[in-house]
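Enquirer: Using the sequences and the hints, build the whole thing.
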Amino acid sequence: MAIIKTKDLTKRFKDVLAVDDVNLEIEEGECFGLLGPNGAGKTTLIRMITAVSPPTNGEIWVQGKDLERSAREAKSIMGVVPQLDNLDPDLTVLQNLMTFARYFNVPKHEARHRSMELLGLFKLEDKRNSAIRELSGGMRRRLLIARGLVNNPRIIILDEPTIGLDPQARHLVWHKLTELHAQGVTRILCTHNMDEATVLCDRVAIMNEGRILDLDAPHKLVARHVGSDVWEIEVDSQERENLLAMLESRGLDFEDAGTHIYVFHVGQEDILTGIVGDGHKLRQRPAHLEDVFFRLTGRSLIE
Amino acid sequence: MKLFSWRCIRMWQRNRDVFVRLWHSEAPGAIAEPILILVAMGLGLGAYVGLVDGQRYIEFIAPGIIASYAMFSASFECTYGTFFRMEYQKTFDAVIATPLSVEDVIAGEIFWGATRSMLTGTVILTIAAAFQLVHSPWAILIPLVCFLEGVVFASIAVFYTSMVPAIYTFNYYFTLFITPMFFFSGVFFPLSSFPQIVQTLSWIIPLTPVVHLTRSLVSGDVHLGLLWVFGLVLLFAAGFFSLSLFTMRRRLAVLKGLCCRTTWLDSTAQVKAPFYMLNIENYSVEL
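Sequence order for the protein chains is A and B. Numbering-wise, the working numbering puts 167 at position 167 of the first sequence, and it's gapless, one number per residue. Just add 1000 to the spot in the second sequence (first one is 1) and you have the working numbering.
Worth double-checking, as some hints may not be accurate.
Claimed, not checked - Only pairs whose alpha carbons sit at most 25 angstroms apart, straight line, appear in this in silico SDA-like list of lysine to any residue: (1) A:K108 to B:S1005; (2) B:K1090 to A:T92; (3) A:K281 to A:H265; (4) A:K65 to A:N23; (5) A:K14 to B:S1005; (6) A:K7 to B:W1023; (7) B:K1090 to A:V16; (8) A:K281 to A:A245; (9) A:K5 to A:I212; (10) A:K127 to A:K65; (11) A:K108 to B:W1006; (12) A:K176 to A:G164; (13) A:K14 to B:L1243; (14) A:K108 to A:I77; (15) B:K1090 to A:E134; (16) B:K1002 to A:V52; (17) B:K1090 to A:I163; (18) A:K108 to B:R1016; (19) A:K127 to B:L1243; (20) A:K127 to B:Q1013; (21) B:K1090 to A:P54; (22) A:K5 to A:L180; (23) A:K65 to B:V1254; (24) A:K127 to B:W1023; (25) A:K176 to A:R203; (26) A:K123 to A:H109; (27) B:K1090 to A:L119; (28) A:K5 to B:D1093.
As the list claims (entries may be wrong) - From the derived model, a few chain B residues whose C-beta atoms are all more than 12 angstroms from chain A: (29) S1005; (30) I1009; (31) N1015; (32) A1027; (33) I1037; (34) G1050; (35) E1059; (36) A1097; (37) S1136; (38) L1141; (39) T1169; (40) I1178.
If you're looking for bench data, these hints aren't it; they were derived computationally from the structure. In this text, a Cβ means the ideal position worked out from N, Cα and C, and glycines have one as well.
Expert: Next comes the structure, spelled out in structure tokens:
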């Protein structure tokens, strides 16, 4: 059963359509990835799903219940790890977790027990009485994730959870997320880190300009949009036109990215002979989710 | 309009915990100031003031000082304090992702502001009693009056805070609203020195009925007519409380993404634009 379902979900600000007609079904227990450039509408979508921002149009159901009517109930089973640090700087590290647990009505002794356990898990025990300003960026991030878990959520929503973390801390977070999988917790992950999405997510939605462009398992997205391998050809300006014409005439699926041309959906057969011979620098490499991302959302920076 | 629930106590508790942790950094100053005013105005200036009924000037102003400083407490807490938590610390964003709603958060803020009023009022009442300026057991009700007064001024402050683009905008609030009220609500001189029309109008300034209440309770001049005055304060409280819940929901939930976007794109322009224009523009978005 879908734990979260949206129908024609839309959010419009004065002259901006932030989320445009999104229909989603997120299955219970899966890890669902949301990829997209800045301004694609990911955060606004998350804010609507977490009942913080009312939609302009459309409907949301959490555990089969209309979110508008059961917002509190839905929020009580969700843990949210926001992109921007909003830890409470007026409180200590331990107080941050305990106060947050109190928002969820967790009894005091239980809140203390859980908070200490989470501080232990994220290697922050020694900092429990520190002020937030004394923490490093990585520690804040870890505390933010710990805070998202303090209510034992059934759904955890993480917006860029590992940004600014060193590789050790990142693996700690990935490990914890995998552990949550075993407990059947649904995870929603907004990220720009393609490795993270490939490793962790069962399904990934690629979003741009408020719309979901495609949605599937990472390997299926790669197979569909770029094939198993990508050929990168380094070109200089003189040969460029010829080369493009040649690729065109052979009916290949390629993309012109200035200094490089990327050719997709090429098998092992020597369909590119004649190009290699011309002395072009050519490299074959396995296709990534990042290639899909660029193909669907474009290479230019979005204003 | 949506109502708040008992969960607002959670936000109140959060603010109380912070106060308990940090009170020593602000509370002493907040107590010293009313004592200074009481001594300087009451004894210093009071030596030159003869009231019609022969009352000592310090006795006349003491109940007004209680009401005024209770007003200041809630006003600071729910302008600068609330704005800080909302815009710089993003505390509200974090809390509304939990089972608390925007309304719970705002009600918690207002009740906390009212609690600060009550604490301040009680401390000054105690000081006034030490100066032997309290003559009636009815004064025991003053903390309650200060709490209700706190709800009024915290609500007005939150309502204003829900519309300001930048922290500097609070200067207007204090110079054009709070300070005039401090001087023209019958704290330092009886309103009877004004023409009748001004006297009548002064009753729509929320501090006037509160000063009337505290003065009556301190002097023991208690009669049924005070219920009307109390009712007027209650009316102010209910009105501004509902208004602030409504406007804060717009700021924190409905328009949020837009606010983020404009601040992010052009924060300087937003600070420079006249605040009332900006908000009219934002408000026309609806949805």
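Enquirer: Next step is simple, just say for each hint if it's right about the structure.
Expert: These are the hints, each one checked on the structure:
no.: 1; hint: A:K108 to B:S1005; in the structure: 21 angstroms, holds
no.: 2; hint: B:K1090 to A:T92; in the structure: 16 angstroms, holds
no.: 3; hint: A:K281 to A:H265; in the structure: 19 angstroms, holds
no.: 4; hint: A:K65 to A:N23; in the structure: 16 angstroms, holds
no.: 5; hint: A:K14 to B:S1005; in the structure: 31 angstroms, violated
no.: 6; hint: A:K7 to B:W1023; in the structure: 49 angstroms, violated
no.: 7; hint: B:K1090 to A:V16; in the structure: 24 angstroms, holds
no.: 8; hint: A:K281 to A:A245; in the structure: 18 angstroms, holds
no.: 9; hint: A:K5 to A:I212; in the structure: 14 angstroms, holds
no.: 10; hint: A:K127 to A:K65; in the structure: 40 angstroms, violated
no.: 11; hint: A:K108 to B:W1006; in the structure: 18 angstroms, holds
no.: 12; hint: A:K176 to A:G164; in the structure: 17 angstroms, holds
no.: 13; hint: A:K14 to B:L1243; in the structure: 23 angstroms, holds
no.: 14; hint: A:K108 to A:I77; in the structure: 18 angstroms, holds
no.: 15; hint: B:K1090 to A:E134; in the structure: 18 angstroms, holds
no.: 16; hint: B:K1002 to A:V52; in the structure: 14 angstroms, holds
no.: 17; hint: B:K1090 to A:I163; in the structure: 19 angstroms, holds
no.: 18; hint: A:K108 to B:R1016; in the structure: 16 angstroms, holds
no.: 19; hint: A:K127 to B:L1243; in the structure: 42 angstroms, violated
no.: 20; hint: A:K127 to B:Q1013; in the structure: 23 angstroms, holds
no.: 21; hint: B:K1090 to A:P54; in the structure: 19 angstroms, holds
no.: 22; hint: A:K5 to A:L180; in the structure: 21 angstroms, holds
no.: 23; hint: A:K65 to B:V1254; in the structure: 22 angstroms, holds
no.: 24; hint: A:K127 to B:W1023; in the structure: 23 angstroms, holds
no.: 25; hint: A:K176 to A:R203; in the structure: 19 angstroms, holds
no.: 26; hint: A:K123 to A:H109; in the structure: 21 angstroms, holds
no.: 27; hint: B:K1090 to A:L119; in the structure: 22 angstroms, holds
no.: 28; hint: A:K5 to B:D1093; in the structure: 24 angstroms, holds
no.: 29; hint: S1005; in the structure: 8 angstroms, violated
no.: 30; hint: I1009; in the structure: 10 angstroms, violated
no.: 31; hint: N1015; in the structure: 9 angstroms, violated
no.: 32; hint: A1027; in the structure: 15 angstroms, holds
no.: 33; hint: I1037; in the structure: 29 angstroms, holds
no.: 34; hint: G1050; in the structure: 49 angstroms, holds
no.: 35; hint: E1059; in the structure: 40 angstroms, holds
no.: 36; hint: A1097; in the structure: 4 angstroms, violated
no.: 37; hint: S1136; in the structure: 40 angstroms, holds
no.: 38; hint: L1141; in the structure: 32 angstroms, holds
no.: 39; hint: T1169; in the structure: 22 angstroms, holds
no.: 40; hint: I1178; in the structure: 25 angstroms, holds
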